[in-house]
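Q: Chains D and P, in that order, give the protein sequences. First residue of the first sequence: 1, per our numbering; consecutive thereafter. First residue of the second sequence: 1, per our numbering; consecutive thereafter.
Simulated from the structure, these hints should not be mistaken for laboratory data. Take the hints with a grain of salt, since some may be wrong.
Said to hold, decoys possible - The list that follows gives simulated cross-link-like pairs (lysine to aspartate or glutamate, EDC-like), each with its CA atoms no further than 16 Å apart: (1) Lys119(D) with Glu174(D); (2) Lys283(D) with Asp146(P); (3) Lys182(D) with Glu209(D); (4) Lys21(P) with Asp78(P); (5) Lys282(D) with Asp146(P); (6) Lys129(P) with Glu47(P); (7) Lys355(D) with Glu291(P); (8) Lys211(P) with Glu356(D); (9) Lys43(D) with Glu47(P); (10) Lys380(D) with Glu53(P); (11) Lys356(P) with Glu67(D); (12) Lys382(P) with Glu293(D); (13) Lys198(D) with Glu225(D); (14) Lys380(D) with Glu47(P); (15) Lys210(P) with Glu356(D); (16) Lys234(P) with Glu313(P); (17) Lys118(D) with Glu210(D); (18) Lys43(D) with Asp213(P); (19) Lys117(D) with Asp156(D); (20) Lys37(D) with Glu50(D); (21) Lys356(P) with Glu174(D).
What the hints assert, rightly or not - To be clear about the criterion: a stretch of chain D counts as covered by chain P if any three or more of its residues have a C-beta under 8 Å from a C-beta of chain P, and this derived list gives those stretches: (22) 23-31; (23) 336-348.
We treat Cβ as the ideally placed atom computed from N, Cα and C, and that holds for glycine.
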Amino acid sequence: MSQTMTKPSGVCFELSEDHKMVQKMVRDFAQEHLAPKAAHYDKTCEFPWENVKKMAELGLMGVTVPEEYGGAGMDSLAYSIVIEEISRACAATGVITAVQNSLGEYPLMAFGTEEQKKKYLPLMAKGEKIAAYALTEPNSGSDSAGMSTTATLQGDHWVLNGQKNWITNSTGAEIFIVYATKDPELKHKGICCFIVEKGWPGFTIGKHEETMGVRASGTCGLTFENVKVPKENLLGVEGEGFKIAMQALDTGRVGIAAQAVGIAQAALDNAIRYSKERHQFKKAISEFQLVQEMLVSMAVEIDAARLMLYRAALKRDSGEKFTKEASMAKLYCSEVAMRAALNAVQVHGGYGYSKEYPVERLLRDAKVTQIYEGTSEIQKLVIARELLRD
Amino acid sequence: MAATTEKTPSIPCDNHLTEEKHRAYREKLRAFLAEHADPIAELYEAEARFPRELLTRMAREGYLGTPFPAQYGGAGHDPLSLAILIEETSRCWGSLGIILAAHIGLGSNPIMMWGNEEQKQKYLVPLAKGERLGGYGLTEPQAGSDSGATLTNAVLEGDHWVLNGTKCWCTNATEAYSYVVSAVTDPDLGKSGISAFIVEKDFPGFSFGKKEDKLGLRASATGTLIFDNCRVPKENLLGERGQGFKYFMQTLDGGRITIGAMSLGLAQCALDEVAAQLVTENLTGDLFEHELRLAPLAEMAVDVAAARSLVYEAALTRTHQKRWTLEGAVAKYLASEVGMRVSSKAVEMLGFQGLKMNGRVSRAFRDAKLCTIGEGTNEIQKVVIARELLRTLGA
Numbered sequence: 001m002s003q004t005m006t007k008p009s010g011v012c013f014e015l016s017e018d019h020k021m022v023q024k025m026v027r028d029f030a031q032e033h034l035a036p037k038a039a040h041y042d043k044t045c046e047f048p049w050e051n052v053k054k055m056a057e058l059g060l061m062g063v064t065v066p067e068e069y070g071g072a073g074m075d076s077l078a079y080s081i082v083i084e085e086i087s088r089a090c091a092a093t094g095v096i097t098a099v100q101n102s103l104g105e106y107p108l109m110a111f112g113t114e115e116q117k118k119k120y121l122p123l124m125a126k127g128e129k130i131a132a133y134a135l136t137e138p139n140s141g142s143d144s145a146g147m148s149t150t151a152t153l154q155g156d157h158w159v160l161n162g163q164k165n166w167i168t169n170s171t172g173a174e175i176f177i178v179y180a181t182k183d184p185e186l187k188h189k190g191i192c193c194f195i196v197e198k199g200w201p202g203f204t205i206g207k208h209e210e211t212m213g214v215r216a217s218g219t220c221g222l223t224f225e226n227v228k229v230p231k232e233n234l235l236g237v238e239g240e241g242f243k244i245a246m247q248a249l250d251t252g253r254v255g256i257a258a259q260a261v262g263i264a265q266a267a268l269d270n271a272i273r274y275s276k277e278r279h280q281f282k283k284a285i286s287e288f289q290l291v292q293e294m295l296v297s298m299a300v301e302i303d304a305a306r307l308m309l310y311r312a313a314l315k316r317d318s319g320e321k322f323t324k325e326a327s328m329a330k331l332y333c334s335e336v337a338m339r340a341a342l343n344a345v346q347v348h349g350g351y352g353y354s355k356e357y358p359v360e361r362l363l364r365d366a367k368v369t370q371i372y373e374g375t376s377e378i379q380k381l382v383i384a385r386e387l388l389r390d
Numbered sequence: 001m002a003a004t005t006e007k008t009p010s011i012p013c014d015n016h017l018t019e020e021k022h023r024a025y026r027e028k029l030r031a032f033l034a035e036h037a038d039p040i041a042e043l044y045e046a047e048a049r050f051p052r053e054l055l056t057r058m059a060r061e062g063y064l065g066t067p068f069p070a071q072y073g074g075a076g077h078d079p080l081s082l083a084i085l086i087e088e089t090s091r092c093w094g095s096l097g098i099i100l101a102a103h104i105g106l107g108s109n110p111i112m113m114w115g116n117e118e119q120k121q122k123y124l125v126p127l128a129k130g131e132r133l134g135g136y137g138l139t140e141p142q143a144g145s146d147s148g149a150t151l152t153n154a155v156l157e158g159d160h161w162v163l164n165g166t167k168c169w170c171t172n173a174t175e176a177y178s179y180v181v182s183a184v185t186d187p188d189l190g191k192s193g194i195s196a197f198i199v200e201k202d203f204p205g206f207s208f209g210k211k212e213d214k215l216g217l218r219a220s221a222t223g224t225l226i227f228d229n230c231r232v233p234k235e236n237l238l239g240e241r242g243q244g245f246k247y248f249m250q251t252l253d254g255g256r257i258t259i260g261a262m263s264l265g266l267a268q269c270a271l272d273e274v275a276a277q278l279v280t281e282n283l284t285g286d287l288f289e290h291e292l293r294l295a296p297l298a299e300m301a302v303d304v305a306a307a308r309s310l311v312y313e314a315a316l317t318r319t320h321q322k323r324w325t326l327e328g329a330v331a332k333y334l335a336s337e338v339g340m341r342v343s344s345k346a347v348e349m350l351g352f353q354g355l356k357m358n359g360r361v362s363r364a365f366r367d368a369k370l371c372t373i374g375e376g377t378n379e380i381q382k383v384v385i386a387r388e389l390l391r392t393l394g395a
């Protein structure tokens, strides 16, 4: 029926040769360059510039951006593989890359004018400038339409006032995709999206948040005090901001699902390795059935999670609406990551509780995947709405 | 404890398990912790600083000798009061809970159980009065779950035992004055060749390795004990030669109740915070429109109530029966799973606020993971529980 098909449709039991090549390339790179420094970045919370620079050389800072804008021009499936493999080595670097790709570049690709794309996309895609995505506020987390940052049109400028918090990439970013309302009364219909540059008067990046996991991802609060944004930096049309935010989050959720699968896989990698090395009662603990049970449930769940991730990515590449698939993948993959990380610590026993082994970091990193880009509760609401829509 | 004691929904599951004396003990303890422990917990935890002054203060109130008879400097309370002590301190501050659990249950109780009168006077009295802190050395790098595989050995030379070996993951290491330690005295006898010793920190040949950098419980000290021809006076053999393995296993039976109590306190802390958060959200109108937000509160409360029942039941069994291996393992297993489940859910319920590194909920989440590992991993608990059940059936 389909000699023209180049990739599996509907089911995905094996990656194409191209995707396998990407997987091997990124895996080898991440294990060689990112994994050895993950504990360092976790400890110091430094923004991993060295990682970003190396990834930029491989085109990983603009995976799905077309080549004409300086990107690698690959599809979402490749993007998922990239984020998984990076996160498997260093989850903080994984989320930095995911934010750059899904939340920074995607809104520009989908809604930007030609001028905006030409001006900003190559800088981001080549990794010359880091992007951040500012939606969440102190009093509007899950309820993002209830934001209170305002945008007022004054002549040829918009003037922004308000606060954002929990903004990933802030310590490294120079380009911020910022959401603000032109009239809170209009709720989601009043939200506009802007491209804001670091250094503009009135725009301050606050203190670095001390978080439990993904500690090197540069999470800060942002303050806007009469920040003048040129009219041409409105992204999309007035009042379209909420739609941009939600579409970006659909894409973002694929990225977080991929990050979660990467963390889960790292947990399993470590648990297998340790269970074969560690001997108790005169045999490797991998020979105990209860330890095997933990490894097995991790492996089965990771496999299912990865297939859900690939399905969401393929649906996205098909051009169809993929909200439900992205939410389902994000919900399930993040829960699998959490369970896998808990099991990995458990397999390591006391050693798992110490910072000598990486599994306690995986546990801290896994937790946030259930929270950002919509908590698990929000995913359930999204999925229910999609299920009940027809 | 702004968000805790008064405002917390009280799940009336322990009214028939506790007596008036337990409830009075709990009230007094809560007031003490609210005044002295709660205000410093976050800072000490962030700095991984050992709460020495607080322990001195608690000692003055008799908490460090809670279960020991007055004649040995203790406060003479029952095992259920001990469980309540560990539950409430952990609810406030996990590190404080584990420091007390190790001091009382592992560092002091073996001397109460198997020490002779001289040993009790010399070691137990200052421990019970809280003038000194106690520690314990059982786990070794190669002997974790398999504690019978102890390599640390003791050889009798004249009037001293000479100890060689390394103990790891010892709570209160470097902070404690005396340590109850297992060592092989008769290598040919297997587990029956293991004996217990009381070792003072200043005995020649005894030193400490590095302090562990841990996921949670960061204000508690965890470290390595190193014995390099450490000379221990003959009279510091605890109990009978060759009975050490049995003593340590019985000590762990008690330790499991306290780890269960610790998990329970951490779960209660997470529940308190979620309840307080939901109160501020002021969910109005039809509660059925907030089911996803409300259901976790109910699930957590049920989990905590079940864990409390089992932990208190195990403590009461210890009061009334000579053997409580099954009850202790059951309580530790369920309560630690509950601790993990409830604290993990609480982080999600609080969203980004739940991720703040040293916030109450993030701390409970990181601290709770120790409880599925310490005092026997939950995989070991399952084997113990199954063994005890089959034993009862005569298998």
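Q: Taking 16 Å as the top limit, are the C-alpha atoms of lysine 356(P) and glutamate 174(D) close enough?
A: violated, 25 Å
Q: Assess, step by step, whether the Cα of lysine 37(D) is no farther than 16 Å from the Cα of glutamate 50(D), and give holds or violated.
A: Measuring from Cα to Cα gives roughly 10 Å; hence the hint holds.
Q: Would you check the hint for lysine 182(D) and glutamate 209(D), treating anything up to 16 Å between C-alpha atoms as holding?
A: violated, 28 Å
Q: Can you confirm whether the C-alpha distance between lysine 380(D) and glutamate 53(P) stays at or below 16 Å?
A: violated, 48 Å
Q: Is the Cα-Cα distance between lysine 129(P) and glutamate 47(P) 16 Å or less?
A: Violated: lysine 129(P) and glutamate 47(P) sit about 28 Å apart, past 16 Å.
Q: Does the alpha-carbon distance linking lysine 355(D) and glutamate 291(P) stay inside the 16 Å limit?
A: violated, 38 Å
Q: Hey, lysine 283(D) versus aspartate 146(P), does the alpha-carbon distance stay inside 16 Å?
A: holds, 10 Å
Q: Below or equal to 16 Å on CA atoms is what counts here, so check lysine 282(D) against aspartate 146(P).
A: It holds: about 9 Å lies between the C-alpha atoms, which stays within 16 Å.
Q: Between lysine 43(D) and aspartate 213(P), does the CA-CA distance stay at or below 16 Å?
A: holds, 11 Å
Q: Given the hinted pair lysine 43(D) and glutamate 47(P), is their Cα-Cα distance within 16 Å?
A: holds, 14 Å
Q: Closer than 8 Å, Cβ to Cβ, for at least three residues: run that test on the stretch 23-31 of chain D against chain P and report holds or violated.
A: Violated - the stretch 23-31 of chain D has 0 residues with a Cβ nearer than 8 Å to chain P, which falls short of three.
Q: Taken at face value, is the distance from the CA of aspartate 78(P) to the CA of lysine 21(P) at most 16 Å?
A: holds, 10 Å
Against the hints set out earlier in the document, violations occur for numbers 3, 6, 7, 10, 11, 14, 16, 17, 19, 21 and 22.
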